[in-house]
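2 protein chains.
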Amino acid sequence: MTLTGNMVIGQSGGPTTVINQSLVGAILAAREASAITGILGARHGIAGIMNEDFIDLTTQSHETLERLAATPAAGLGSVRLKPGKAECERVFEVFKKHNVRYFFYIGGNDSAETAHIIAEMAKAADYDFCTIHIPKTIDNDLKVTDHCPGFASAAKFVALAFMGDDRDNAALSGIKINVVMGRDAGFLTAASALARQDESDGPHLIYVPERTFDIARFQADVKAVVAKYGRCVVAVSEGITNAAGEPVMTTGERDSHGNLQLSGSGALGDFLAGKVKEAFAGESVRVRADTFGYLQRSFPGVVSSVDAEEARMVGQHAVQHAVANGEPGSVAIRRVSNAPYASECFITPLASVAREATQLKDAYINDAGNHVTQAWLDYLAPLVGELPQMGKLF
Amino acid sequence: MTLTGNMVIGQSGGPTTVINQSLVGAILAAREASAITGILGARHGIAGIMNEDFIDLTTQSHETLERLAATPAAGLGSVRLKPGKAECERVFEVFKKHNVRYFFYIGGNDSAETAHIIAEMAKAADYDFCTIHIPKTIDNDLKVTDHCPGFASAAKFVALAFMGDDRDNAALSGIKINVVMGRDAGFLTAASALARQDESDGPHLIYVPERTFDIARFQADVKAVVAKYGRCVVAVSEGITNAAGEPVMTTGERDSHGNLQLSGSGALGDFLAGKVKEAFAGESVRVRADTFGYLQRSFPGVVSSVDAEEARMVGQHAVQHAVANGEPGSVAIRRVSNAPYASECFITPLASVAREATQLKDAYINDAGNHVTQAWLDYLAPLVGELPQMGKLF
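Line by line, the protein sequences are chains Z and A. Here the first sequence is numbered in the working numbering, starting from 1 and rising by one per residue. Here the second sequence is numbered in the working numbering, starting from 1 and rising by one per residue.
So here's chain Z without its partners, still in its complex pose (with noise of 0.2 angstroms):
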């Protein structure tokens, strides 16, 4: 039985580089499926629909469409605000109203548990209702999934930024700390190692939040690598906690799902530049450090080829089951083969994904937990695609 009705999409959560392809592959996937009579796009998400702030999304040009997919940041605009019952109702309320019978909702996990939730609600009113969640999050973090759409793009930006990076670092000798992305997993850290193309190229350390960090152990760690190679290049995640699991730094906001604030300030790099400069105490050294911050999630043009491709595969994916099969559900990526690289997209049960987040393997790090192993670089590599190789005279 396939449901005919209008369809809404919407946005949430931080932005990645292709979240707009998800949006433009489900678009052009419903205008391709008769069942949907209308494609009403949600500004600024769930605030959108209870607002029904909508946008019609049946007419422009694919011209227009394809500058949208190959734009960064959600072109629906986006929202961070976890709906409670209250607002889950207005939200249903307002799909019966406009006879919605599709919702996808593009976002990580907090967006997945939004669409579990407006889905139970459609279940207990009876209501024939579809509801989709499409995968997107530099993050890395869903379960069920190999991978998240946004993700790679953003790891082919840090592996980029540390390839200069230390470049510019074996130039002007020195201690340099980057602070990448990443509140609870470390995967966008360890992105980092794709940057090294020889034994000697930075990043020397990685400190990511699946292990404890221990200001004396990274000092140490520091002292170690600047005796053997003159300099060190430290990748380090925003969201390194000290034993008592307590972020090591942060401005102590919060956001509306209740994290706490890490992005957006240069406290945690400054607090650990100055860990730095104590440990060499009494010596001259160079020390600085650099927040990555949004442009991580933001920067036009560094995209990986995969990511915008299976970015495009989950919106059309999502579309067409929700068609086809009727039944609600998270779209997740399965890899099929590493060499050549090829996946294919499968449904997961909304209750799998939504709230819940994974971190880095084990496999992914390395005993001394201060880098990463040549699993994780397996598993990344192609993900990212091809990088370029630095010249270098010795």
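I should point out that these hints are in silico values taken from the structure, not numbers from a laboratory.
Copies of the same chain look alike in the list, so a pair counts if it works inside one copy or between any two.
With a Cα cut of at most 27 angstroms, we get these calculated BS3-like pairs of lysine-lysine:
(1) K392 with K82
(2) K277 with K228
(3) K277 with K82
(4) K123 with K85
(5) K96 with K82
(6) K123 with K96
All figures in this text were calculated on a predicted structure; none of them were measured in a lab.
Based on the hints, put chain A in the right spot on chain Z.
Only chain A this time, still in chain Z's reference frame:
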């Protein structure tokens, strides 16, 4: 009279993404010049000369050199060292010992000064010798030349960064402050204006060191933009100063040129974000700050083709001039035509570029001192080249 002997080439100061183009341009031109008997690369500039730490640059394959040319940061290693009289005497002693008749120094105004001192010493000692300064700086603050190799690529990075970040800010509204490199000159910060493709696009406010930064005025500016667009993207130079001429924020650390450390810290961004929160006291606003840091001068793959070609050209011209003419000087660029863009090299006396630096012309800054003018965009756009068009739904 053509001098016959060895040449030394070195790189100095903060790296750029095209500084190795200049190095390779000079090497290839030197290989063609019969008067140049040997090509010595000094590791880490003046420091390498004093230590006789040279690399033979006569043997590398074209493939190695072309790969190097496309690699960010100084391939020979760089240095931040303003040599005193004793150091210059040592350099001169090494040059005599190795029969060095040509010295090419790639760097900014401090490097031009070093080259100038050495040229004067050679003249006083009646040693037949030619020193050429090859310009390089992302700051674009060298005198005489129309613009500096390295600047346009950094400008392209900044423009792209603002382009993506503005889409991010449009998706998740708030106030976003991005701190851009530029100690005394606002060229790079002003380049953020190239990101604007529509009236409502950011950066909505641009603050450069050429104008006194007044916190109350800044707060009022941000409030006015938020009232109009519901959001605000701000570009601010790391080197902004208050009415007393003091940096608004600094770590207090100085480099060996006596310059205060401004980069490698998120302090200014965090401080300004705090000031914005103060201005909106009581209201719920999302304020974030990023400090772009070293990525601006080292990110691989974001290179202006005009910049890459001109960086190659100035290196080549330096050698060709030295061999043909023998007079010391600094290579400068003259803009021959703006549409289509064309430029040529000429030689200016070392004294004309040594030490002193330039700033943004008054005609490039708007009357309110919080944005740029069309004249600035006309100057900048041909140097940076084509930028992607952002796709929008509304």
